Amino acid sequence: MGVWIMAGITFREAARKKILWTALLAGVAFLLVLGIGMSFQLGDLRRFAVAPFLRYQAISATLMIGLYTVDLLAVVMTTLTSVDTISGEITSGTIHAIATKPIARWQILIGKWLGFVAMAAVYVALMFWGTIAEGYWIGGVLAQHPLRGSILVFLECVVALSVTFMFGTWFSTLTSGVITLGLLGVAFLGGWLEQMSGFTEGSRLAMVGIISSLIMPSEAIWRRAAFEMESPLSGSLQFSPFADVSIPSGAMIGYACLYLLIALAIAVYHFGERDL
Amino acid sequence: MFGGKVAVRDLTLTVPRGEIFGFLGPNGAGKSTSIKMLLGLAKPTSGEAFVLGAPSGEVEIRRKIGFLPENFRFYEWLTPAELLHLHGQLCGVDSRELAKRVPALIDLVGLTPHIDKRLQNFSKGMLQRAGLAQALIHEPEIIFLDEPTSGLDPLGRRTVRDIIRAQRDRGATVFLNSHLLSEIEITCDQVVFIREGEVVTSRDMRKQNEEASRVEVRARKLSTQCVSGLARWTDSVKVDEERLTLTAQSREALPEILRYLVEAGAEVYQFTPQRLSLEELFISVMGEDRGF
Numbered sequence: 001m002g003v004w005i006m007a008g009i010t011f012r013e014a015a016r017k018k019i020l021w022t023a024l025l026a027g028v029a030f031l032l033v034l035g036i037g038m039s040f041q042l043g044d045l046r047r048f049a050v051a052p053f054l055r056y057q058a059i060s061a062t063l064m065i066g067l068y069t070v071d072l073l074a075v076v077m078t079t080l081t082s083v084d085t086i087s088g089e090i091t092s093g094t095i096h097a098i099a100t101k102p103i104a105r106w107q108i109l110i111g112k113w114l115g116f117v118a119m120a121a122v123y124v125a126l127m128f129w130g131t132i133a134e135g136y137w138i139g140g141v142l143a144q145h146p147l148r149g150s151i152l153v154f155l156e157c158v159v160a161l162s163v164t165f166m167f168g169t170w171f172s173t174l175t176s177g178v179i180t181l182g183l184l185g186v187a188f189l190g191g192w193l194e195q196m197s198g199f200t201e202g203s204r205l206a207m208v209g210i211i212s213s214l215i216m217p218s219e220a221i222w223r224r225a226a227f228e229m230e231s232p233l234s235g236s237l238q239f240s241p242f243a244d245v246s247i248p249s250g251a252m253i254g255y256a257c258l259y260l261l262i263a264l265a266i267a268v269y270h271f272g273e274r275d276l
Numbered sequence: 277m278f279g280g281k282v283a284v285r286d287l288t289l290t291v292p293r294g295e296i297f298g299f300l301g302p303n304g305a306g307k308s309t310s311i312k313m314l315l316g317l318a319k320p321t322s323g324e325a326f327v328l329g330a331p332s333g334e335v336e337i338r339r340k341i342g343f344l345p346e347n348f349r350f351y352e353w354l355t356p357a358e359l360l361h362l363h364g365q366l367c368g369v370d371s372r373e374l375a376k377r378v379p380a381l382i383d384l385v386g387l388t389p390h391i392d393k394r395l396q397n398f399s400k401g402m403l404q405r406a407g408l409a410q411a412l413i414h415e416p417e418i419i420f421l422d423e424p425t426s427g428l429d430p431l432g433r434r435t436v437r438d439i440i441r442a443q444r445d446r447g448a449t450v451f452l453n454s455h456l457l458s459e460i461e462i463t464c465d466q467v468v469f470i471r472e473g474e475v476v477t478s479r480d481m482r483k484q485n486e487e488a489s490r491v492e493v494r495a496r497k498l499s500t501q502c503v504s505g506l507a508r509w510t511d512s513v514k515v516d517e518e519r520l521t522l523t524a525q526s527r528e529a530l531p532e533i534l535r536y537l538v539e540a541g542a543e544v545y546q547f548t549p550q551r552l553s554l555e556e557l558f559i560s561v562m563g564e565d566r567g568f
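Protein sequence lines, in the order shown, are assigned to chains W and E.
Residues 1 to 276, numbered by the working numbering, are exactly what the first sequence covers, in order.
Residues 277 to 568, numbered by the working numbering, are exactly what the second sequence covers, in order.
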C-alpha cells in the first residue's frame, strides 16, 4: 500500500510541478520539427525523381534519427527529473516526515522509483509512437519492430533511472547528476566506438566499446533497439549511422536488466541503512 | 557518532506515558540526534532504544508515533488538506475518518483561512502549524515535537501550547525539544537536561513549585536587628530598601520566617515564594556559554 501511495505522489508531483507537461511540450516541438523536416525531405526526393526504393531508405534513415533523438531526450529527461528526488529530500529534511511514518524505507524508494517509471512510460509512449506515426503518415515508412524498439528505449530509461536513484542515496543532487550523465556519456562514446570497430574490424576498439557497455549499458540497448527497428536491407547496406555493424546480443539486454536490478537493490540497501 | 564526533553517549532516558517531557540542552548537546535515533532516522553505533516498548525504528510501532521535524518542510505544491490526506494515508487512517479529521485539524492549528493555498505560499510559522497537524493526523500515542514553536508569533505559540496540553489530556505522551525555555517551563511536566550526549540532571516541574524556598519580601520598618535575626533560617539575605530576598534552607521554614518578621515589628505587605526559573536552572546546570 505504502509503495503505491509513494508512487502516486511522485507521479502527481511530476504533473503538478509541470515537469511532465514541460517535457511533453518540448516533445511536441520536436515532433513538429521532425514532421516538417520529413515532409520537406520527401518533397525534395520527389522533385529530384529519386527512385522509390532509395526514397524509402532515406526517409527510413530520417525516422531512425528521429527515434534516436527521442531515445536521448527520454534518457536525459528521466535522469534530470529524478535526480533530486532522493538526495534533495534528504538534504532539505522533507524525507523526515515520510520516513517516520509506518512505511519501510524500501517502500519509499521503490514507490518513488515506480512513480518515475510510470512517468518515463508515458513520455516514451507519446514521443516514440508520435515519431512512428509521423514516419508512417508523412513519410510513408514504418519501423520493422516498433513495439520491441519502444520497450527497449523504455528499458534504457529505467536503467538510467535506477543508476540515478543509486547515486542519489549516496551523494548530493548535483554530484549524482554529474556522475549519471558522465556514465551516459561514456556509454554513448563507447557505443559509437564499437560501431566504428565494425567498419574497421578493429578488435581493440570493439573491446573499448564492450567495456563501456558493461560500465553503462544504455547505448547498447539503443543499438539493439535500432537493429530491431531498421529494415534488414537498410541495416546491412549501412545507409544510416545505425547500421547493424555491431549488434548487441540478447545477452547484453539480459545484462542490462540485471544491471538495473543490481543498481536498484544497492539503492534500496543503502537508503535503508543510511542515517537520514 | 555524527561526523566523527560522539553525539550521544550513555544516554538513558525513561519517559512516562501521558506526560509532556522536555528535552533540554545547549546547541550540539545531541538532542536532535537522540530524537532521530528514537524515530529510527539514525542508527546508534551501539546501544538500543525502545519506544512504546518496541525497538526504535520498527515500522509498525510508527503507527503510534507522531513527529514534527524542526523547520518542517514538505512538497510545496500540496495544499494543507492534501498534505494531511497523504500523511493520513501513509499512517493507514481510512478515508472516511480522514474526511472528518482533516478539516478539524486544519481548524485546530488555525489554517482554515489558508486551506486552499499551496504550502509554497506559507510563511515559516504556517508551515510549522501544518507540520504539527500532520504529526497528529493519526492520533498517535507519543508525539515528538522538535522546536514546535519555531517561527510562530505569540498567538501561534499559545495555540501550540494548548494543543500540546490537549494531547496530554487525551492520554498521549509528548516529547518536546525546544530552545524556548519559557515555553518548556509552562508546558512540561518533566524536563531532562543533556550535555555532550549525556543526561546531566532532570526536574519534575510539578514538584518544583513545592520545592521553592526562595522568597521575596516587601516590608516597611525592616530594622538591621530584624534582618540579622534571619540568620537562624538562612545565610543568604539581600536587602534593598523595602525589598528583601532570602533563600531558606527548607520550604517548611517559610511560615516561621513570616511570623518572625511580623513579631519583629516589620510591616509585611508582600511575601512571595520564588520559583527558580528554568533559565536560571539551565545556566546553573550547564554553566556559562562555552560557545557550543
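Rather than coming from a laboratory, the hints here were simulated on the basis of the structure.
Among the hints, a few may not be true.
[As the list claims (entries may be wrong)] In silico DSS-like cross-links for lysine-lysine, where the CA-CA straight-line distance does not exceed 25 Å:
1. W:K18 x E:K393
2. E:K497 x E:K483
3. E:K340 x E:K393
4. E:K514 x E:K497
5. E:K497 x W:K17
6. E:K376 x E:K393
7. E:K483 x W:K17
Everything numeric in this text was worked out from a predicted model, so none of it was measured.
Taking the hints in turn, this is what the structure says about them:
1. W:K18 x E:K393: Answer holds: K18 of chain W to K393 of chain E is near 18 Å, not above 25 Å.
2. E:K497 x E:K483: violated, 34 Å
3. E:K340 x E:K393: violated, 29 Å
4. E:K514 x E:K497: holds, 15 Å
5. E:K497 x W:K17: violated, 76 Å
6. E:K376 x E:K393: The given pair, whose Cα atoms are some 20 Å apart, holds under the 25 Å limit.
7. E:K483 x W:K17: violated, 53 Å
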